[in-house]
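> One letter stands for each residue in the lines below.
Protein chains: 4
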Amino acid sequence: MIVVMKAHATEEEIQAVVRMVEDLDYKAHVISGIERSVVACVGDERGAKHQLTHLESVAGVERVMPVVKSFKLASREVRPEGSTIRIGNAEIGGKRLAVIAGPCAIESEAQIEAAADAVKAAGAHMLRGGAFKPRTSPYSFQGMEGEGLVLLEKAGRRVGLPVVTEIMDPHDIDLVVEHADVLQVGARNAQNFSLLRRLGRTNKPILLKRGMSTKLEEFMMAAEYILSEGNPNVILCERGIRTFETATRNTLDLNAVPLLKEWSHLPVVVDPSHGTGIYSLVAPMALAAIAAGADGLLIEVHPKPESALSDGPQQLKPARFANLMKALKPLAEAVGRTI
Amino acid sequence: MIVVMKAHATEEEIQAVVRMVEDLDYKAHVISGIERSVVACVGDERGAKHQLTHLESVAGVERVMPVVKSFKLASREVRPEGSTIRIGNAEIGGKRLAVIAGPCAIESEAQIEAAADAVKAAGAHMLRGGAFKPRTSPYSFQGMEGEGLVLLEKAGRRVGLPVVTEIMDPHDIDLVVEHADVLQVGARNAQNFSLLRRLGRTNKPILLKRGMSTKLEEFMMAAEYILSEGNPNVILCERGIRTFETATRNTLDLNAVPLLKEWSHLPVVVDPSHGTGIYSLVAPMALAAIAAGADGLLIEVHPKPESALSDGPQQLKPARFANLMKALKPLAEAVGRTI
Amino acid sequence: MIVVMKAHATEEEIQAVVRMVEDLDYKAHVISGIERSVVACVGDERGAKHQLTHLESVAGVERVMPVVKSFKLASREVRPEGSTIRIGNAEIGGKRLAVIAGPCAIESEAQIEAAADAVKAAGAHMLRGGAFKPRTSPYSFQGMEGEGLVLLEKAGRRVGLPVVTEIMDPHDIDLVVEHADVLQVGARNAQNFSLLRRLGRTNKPILLKRGMSTKLEEFMMAAEYILSEGNPNVILCERGIRTFETATRNTLDLNAVPLLKEWSHLPVVVDPSHGTGIYSLVAPMALAAIAAGADGLLIEVHPKPESALSDGPQQLKPARFANLMKALKPLAEAVGRTI
Amino acid sequence: MIVVMKAHATEEEIQAVVRMVEDLDYKAHVISGIERSVVACVGDERGAKHQLTHLESVAGVERVMPVVKSFKLASREVRPEGSTIRIGNAEIGGKRLAVIAGPCAIESEAQIEAAADAVKAAGAHMLRGGAFKPRTSPYSFQGMEGEGLVLLEKAGRRVGLPVVTEIMDPHDIDLVVEHADVLQVGARNAQNFSLLRRLGRTNKPILLKRGMSTKLEEFMMAAEYILSEGNPNVILCERGIRTFETATRNTLDLNAVPLLKEWSHLPVVVDPSHGTGIYSLVAPMALAAIAAGADGLLIEVHPKPESALSDGPQQLKPARFANLMKALKPLAEAVGRTI
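If you read the protein sequences in the order shown, they are chains A, B, C and D. FYI, the numbering for the first sequence is 44 to 382, going by my numbering. FYI, the numbering for the second sequence is 44 to 382, going by my numbering. FYI, the numbering for the third sequence is 44 to 382, going by my numbering. FYI, the numbering for the fourth sequence is 44 to 382, going by my numbering.
Calculated directly from the structure, the hints in this document are not laboratory data. The structure displayed is predicted, hence computed values, not measured ones. Take the hints with a grain of salt, since some may be wrong.
Note: identical chains are not told apart, hence a pair may lie in one copy or across any two.
Unchecked claim - With a cut-off of at most 20 Å between alpha-carbon atoms, the simulated DMTMM-like pairs for lysine to aspartate or glutamate come out as follows: (1) LYS304 x GLU196; (2) LYS197 x GLU272; (3) LYS304 x GLU190; (4) LYS197 x GLU54; (5) LYS163 x GLU261; (6) LYS49 x GLU120; (7) LYS70 x GLU188; (8) LYS360 x GLU56; (9) LYS112 x GLU55; (10) LYS70 x GLU156; (11) LYS304 x GLU105; (12) LYS138 x GLU190.
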C-alpha cells in the first residue's frame, strides 16, 4: 500500500499515519517528495485484517493506493501451466476448444431434443439450456424450472453431451446438481456472494459469467469466492459489459480474454450471443474470441428462434450454427488449437 | 410494439409478420413509408405472453421497438398522489424527510451504541448498520452476522429508532425479519430475482438499492418483482452508478430522483455515501439530493471512521453529520419539506 | 511516481529501473515488499520531460502509478480563496449566483428578442444562444452563423445582458470575440487542444464544457491548456456525461461540482438542460446543482420549444423558467448564496 | 418517426400533433392502442428540415422515436459490394489486409528511420507516425510538428511505404496534405465537425477514429460529414471506447467491426494499441480484429518503447511486431483474406 499525504500534511500527521500503519502489522517507509510525502507500507496486503483504505479518512491523507492485485487462488502464479477441467468426455482449458451450445431457455421436450440433435450434429461438445431464467420483468416467461432440468438432462444423455444450466437460487442447488454437469452463474448474480460461497461447496464445475459492470479484478475475486470454499473448477465467461453503446445489446469485451489468461490459470470462454444480442454478429465475434485466445464458446442455438420465448434475436438457427462450426476449424488451427 | 421492416422487405415478409403478430393476439397495422414499412402492433404489451422482440429474428425485420414502459404496479398511474410508508414512528414519502444513518458495518456493541447515540442526537429518523456485508474479496471482513443483528436491534430500541439492515441470502430472511424494521437489498443484488420474490412475501418494508449498472426502467422492474408478490412497501434508493469516472467511487445519478418520482408512486431516497465514496462530498450531495426532490437520505456515520472495518473513506464523523443535519433544515424548507 | 515491479523481477531489473529513473532526474528509493518491490521516484512529476509511464514497457515492471494530480494553474492551491470572473455587470464565482439563459440556437431576430425579453424579465444575468451549432448530422440545421452572432449581440445589448455563445472553429475566433462577451467551448470540443490553445490567447472569458467522456482530471487539464496560454478566465461547466442510462439524454454528474470546487479555484456552473435532455427535470436538477455548490446555471429557454430547430425537448418555456428563478431564491439563501 | 402519446392524451392533443406533423410535410397515421395512441409519421426522416424530436415538448406527447438510421452516403445500400481505397501501392477494403504500423510519435530522424525499416521488413503496408500529438496535458511532449512531417515523409519514401499522420488543427491541413498520404482524425476530434468538413474538401483519404464515447450511429454521421463535402475516401477506425473497466486503457469494441461492415460500404480498421494500452494484448487483439472481419490494422511499433516520449506501454518492439505479422498470415487465410 502507498499512502499519499496531502501537499500540506504536517510532520505530526505523517507520524500518526506511520503509527497506525505499524499497528496493523505493516512496516512504514516515509519518502519525502518535492511537493508531498508518501508512506510506503510493506506487509501482506491481501492477508492483513485491514486493506488500509480506511486511512483515507485520517487527517493529512489524500489517497491510499493498493500495490498488488487482491486475488490469490485464481492467480496464474498458482498454476502457471493453466487449468484444464474435465466434464464427462469434454474438456475445457486444454488445446482443444470447447463449444457449449443450445437454446436460451428450455421451452418443451420437442424443442430441447431438436436443439440437442442440431448442436450434436454440428460438433458441439456440451449442451446448454436454461430452466430457471432471470428475466427483467416478473411478467415474462421464467423458465420450466424442475421440469426443464429433467428434459435437459434427458436430451443431453441421449446425444451424449454433458449439460450446462443456470442456477439462480441457493435453494435449488441440490436439484440442479442432480441433473446438470456444469452449473452456470449468470451476469446478474456475478456478485451474489452467498450463492458463490454455496457453489464453492459443491463438486460440480461452475461456469461463472462476468457481470454487466464487473471490473476484471472484481471478476477474479468472484471466482476467488468459489475457489476459497474448496471447489477448484471455475470457468470464467466473458459475455459483454454494459456501456453507452446501444447498437448492440452489450459490448463484448474481448480484451478480457488475453488479460484473464495472463492473470489466471482458469479457463476462459466467451458468449457472443449475449455479448452482441444480434444473430448476424455471433459468428464473427465467435471467431474473434478464439483468435483472442479463448478456450471455448457459449452459443445460443434454437431450432426456431423466431418463436423463442426469450432472447430470440440473438439465437442461431441450426444451419447457421453448423456453418460457424465449420468456420471455426481452420481458425482454431491458425492459432494452434483444435476443435 | 412497432416492428420496423428492412428497406427491401418483400410484401410476403410483411404479411408473414402480420400473421405472426396476430397469432399472438395483437392487432397489426401496416404503414408504408417512403423507404420502408413499419407494422404497428396494438395489444397489451405488458400482459402478452410474448414481448414480440423475438420477431427480430424473422426474415425482413430490422428492429422491434416497445412503445410502453413495462412496469405496472410501481407506476405512478396506480397511485398518483404517491405512497407514504410508515415505519414505527418514522415515515417516508410524505412531506417530512427521512434520514437513515449509521455505520457501514456493525463492528462491536460499543461502536453501534456510540453510532446510535450520535445519529439520534443529530436528529436522524432511523438507524442503519450492516450485519451481512457484501465484500468484493472473500478475505475481507464479512460482518458480524446474527450477532450484529442483535446488537443493532438493541441499539435502535434503546434510542427509539427503527433499524435498517441489508439482507443478502434468502436463507437469512426469517432471522433478519425478526430483528430489523426495514430490509435493505444492496446494489449487487438489485437483480437477484429469487431474493426479490422472497422479500415480496414478507411484511417488512424493503429498501431497494439501484444496481451499479441498472437502468431506471430495470430498477422499476426490480421493484415490480417485490410488489407483484404482495409487498406494497418498497423504497427506491439511488446510490450511484458505475461510469468511466474514477475520481469518485460511483457517479451519483440525481437525474434519477425527479425521473423516478415522475414514473412511480414509491418513495425515493438517496445514498450520497456510496454515491461519492468521499466523505467531503457527502454533505453537498445530500443537500443536492433533497433539492432534486428525494424523500430521504441514507448516510453512513461512524464514531471513528479512521479505524472502520469497511468503507472508512466515505463515513462521516458524528460532528460532521450533525452539521449536515443542521444544513438540511433550511434547505428542506426552501423546497417545501420539513425534517 | 511509484514503479511497481513484477513479483519475480530480478535484482538486475530493479537496478535497471533505478538507473533509468535517475537518468530522468528523479531520485529513486527501492522498497522491498513481501511479494514484490516498488521503486518510489521523487521528482517534479509535472515538470519532468517524462511522466515515466513508458517504464511500463521495461522488463520486470508491472505498473507505474502517478502520485500527484497533473494540473497546476487550475489548482485551488494557486488561489485558495477561489476566482471570481467579472463579465459586464455580471459576475461568476462570488456569493451571487449567475444564471445564463436563452435558446439552444438563435433561429431568427424575433425569436432571440423574445427570448432575451423573457430571460431578462425572469432575472437571468446573461443571455445565451448558439450561432454555430455542433450537430450530429450534417443534414441538421447548423446555426445562423455570423448573422446569428449579430442578432445575439443586439438582443443582449438591448436588454442589458452580456452574451455567451459557442465557438467551434478556430477560424471564427475573431468574429466571435467581436460580438460575444463569453466564448463557450462545447462538449465535443472539450479536448480539441488546438482550439483551447487559441482561446487561451484571447482576452475573453471561456466557458468550458466537460466532454461526454472526460474524466474530471482531464477536464482540469483542458482548462490548463487555456490557462497556460495566458487567459486566466475559465468557467468550468458540468453538462452531463455519457453512461449506460438511456432514460435521460446524459447523466448529470453533480458529484463533479463539489469535487471541482475542492480541486480548483475556477468557478463551476451546471447545465441541467443538456444534463437531462428532458424539460421536466431541468428545474429540480437546477436546484440540486446550486445545493451542491455550483456558482451558476446554464438554462435553455425558448419562447416556443415545440417548434425549436434543435433540442426542443429540453428547452424551458418562459413561464417555467420564471418559476424556476423564483424557486432558486429561497434555495440559494438556504445554502448561503444570493441570486 | 413514431410519436408516442401519453396514456391520458386527449383527442385534441392528438389532433394537434397530427397538424404539426403534416405542417412539416409528413403524413400522419393515428393508431389507437389499448392504453395509448401513437402517431406514425411517414416522410423523409433524413431530408426533412425537422427530425420531429422537438415534438417531445408538445402537450400530450411522451416520446418521439426515429425509425430509420440517419446516415445516407456512408450506408452500405449506396455501394453493396463495399469500397476499396487505393493509397499508392497499398489498398484498403479489398481481400488483402492492410497493416499500418509505426511509432506513436515521431521523435527524431533516427527513430522514425529505424521504425520505417522495422515495419517494412516485417511486411507492413503503410507507415504511421504522429507529428502533432493530442496530449491530455499541455506540459507533455506535443510532437515535432512540421519538422516531424518532413522526417515521416522522407522515411516513408525511402522504404516505399505511404505515410499516415494525424491532423488536429484545420490550420495545418495544407501542410499535412503536402507531406502525408492519409490524414488521420484522432478520437478526441471525432466530432470536431469544423475539421471534418474541411477534410471533406481535401482529396486525401481520411482515417477517421471513433471517439471514446461515440455511438456507432454517431460515428457513421461523422463519416457522413466528410463524405457530404465530396471526399469519398473515408476509412473507419475502431480504437476502443471508454467504459468503467480500468484494467485496460480502453475497451476495444470489436462488435463494431461486423456491425459497421453491415451498415456501411467503408473499410474498417482496428487499432489494438490504443484499444488495449498494454503491449502484451496487442497481438491477440490484432488477430481477433481480423477474425471479426476488419480490413486492416493500425499498430504502434517503436524501436525502443522503454524510452518513448508518449504511449510507451502500448508500443511493440520490432521483433514482437514481426512475430505478429507472421501469426496474421495463417489467420488471414482462415477467414478468406490475404496479407
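> What label fits LYS360 with GLU56 when the C-alpha limit is 20 Å: within, between, both, or neither?
Intra 66 Å, inter 18 Å, cutoff 20 Å: inter-copy only.
> Have a look at LYS197 and GLU272 and pick one of within, between, both or neither, based on CA distance no larger than 20 Å.
neither (30 Å within a copy, 33 Å between copies)
> Could you place LYS49 and GLU120 in one of the four classes (within, between, both, neither) given a Cα distance threshold of 20 Å?
between (36 Å within a copy, 11 Å between copies)
> Under a CA distance limit of 20 Å, which applies to LYS112 and GLU55: within one copy, between copies, both, or neither?
For LYS112 and GLU55, neither the intra-copy (31 Å) nor the inter-copy (24 Å) Cα distance is at most 20 Å.
> Regarding LYS138 and GLU190, is the shortest C-alpha distance of 20 Å or less found within a copy, between copies, in both, or in neither?
Cα proximity of LYS138 and GLU190: none, with 36 Å in one copy and 50 Å across.
> As a check of your reading, is LYS163 near GLU261 (CA-CA no more than 20 Å) within one copy, between copies, both or neither?
Neither way: LYS163 and GLU261 sit 35 Å apart in one copy and 36 Å across, limit 20 Å.
> Cα distance capped at 20 Å. Does LYS304 pair with GLU190 within a copy, between copies, both, or neither?
neither (37 Å within a copy, 41 Å between copies)
> With 20 Å as the alpha-carbon cut-off, assign the pair LYS70 and GLU156 to within, between, both or neither.
neither (63 Å within a copy, 33 Å between copies)
> Pop the pair LYS304 and GLU196 into one bin, within, between, both or neither, using alpha-carbon distances up to 20 Å.
neither (31 Å within a copy, 40 Å between copies)
> Quick one: LYS304 to GLU105, C-alpha cut-off 20 Å, is that within a copy, between copies, both, or neither?
Between copies only: 16 Å across chains, 34 Å inside a chain, cut-off 20 Å.
> When no copy is specified for LYS197 and GLU54, does a C-alpha distance of 20 Å or less occur within a copy, between copies, both, or neither?
Neither: 72 Å inside a copy, 42 Å across copies.
> Which holds for LYS70 with GLU188 at a C-alpha limit of 20 Å: within a copy, between copies, both or neither?
Neither: 54 Å inside a chain and 32 Å across chains, both beyond 20 Å.
Against the hints set out earlier in the document, violations occur for numbers 1, 2, 3, 4, 5, 7, 9, 10 and 12.
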